[in-house]
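K.L.:
Sequence:
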Amino acid sequence: MTIRKHLLLATVLAATSTLALAQTPPAPPAPGVTQTTQAAPADSGARQQRWAERHAQRQAQLKAALQLTAAQEGAWATYTAAMQPPAQRPPRMDRAQMAQLTTPQRIDRMQAMQAERQQFMTQRMDAIKAFYAQLTPEQQKVYDQQAMRHGKGGRHGGGPGMHRG
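Count along the sequence shown from 1, add 5, and you get the number used in my numbering.
Derived from the structure by calculation, the hints contain no laboratory data. Among these hints, one or two may not hold up.
Stated by the list, open to error - Listed next, the in silico PhoX-like pairs over lysine-lysine satisfying Cα-Cα at most 20 Å (straight line):
| no. | residue 1 | residue 2 |
| --- | --- | --- |
| 1 | K10 | K68 |
| 2 | K134 | K68 |
| 3 | K146 | K134 |
Please take these sequences and the hints and turn them into a complete structure.
P.N.:
Have a look at this one:
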């Protein structure tokens, strides 16, 4: 290379470096954002407590909106019991445990976990259908409206940075 090319290359590198250094550093995230998006495992108890409170509030609102009769109270109790989350979530395998398994063993493990989740969801669906059958047509309309309203923006698609089409 000639001296001229060396000088040109050095100038371009210096200009690029200067521009990179001149950029302002990103602003630190807002305190509320870091607490919700980067929650530590220690916060899981508080998060579960908040979820349980919101769940109980929604159940109370639904019950009030449905205006259940005394004959429907038993079906309501069965329904609300089925809608509760499991007492304790099954422990997740850590990466070290997963790394020790062969691919077929990992597949079998995932299928077993999927079967457990499917069984839980089937129990919930059966409870919903049984409760729904006990409602009058007017109550069914109210339930349908409430279910559509609470299904939107819930666990799936409602988090920070999620875009809805």
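K.L.:
Broken hints, numbered, in rising order?
P.N.:
Those not satisfied come down to hint 1.
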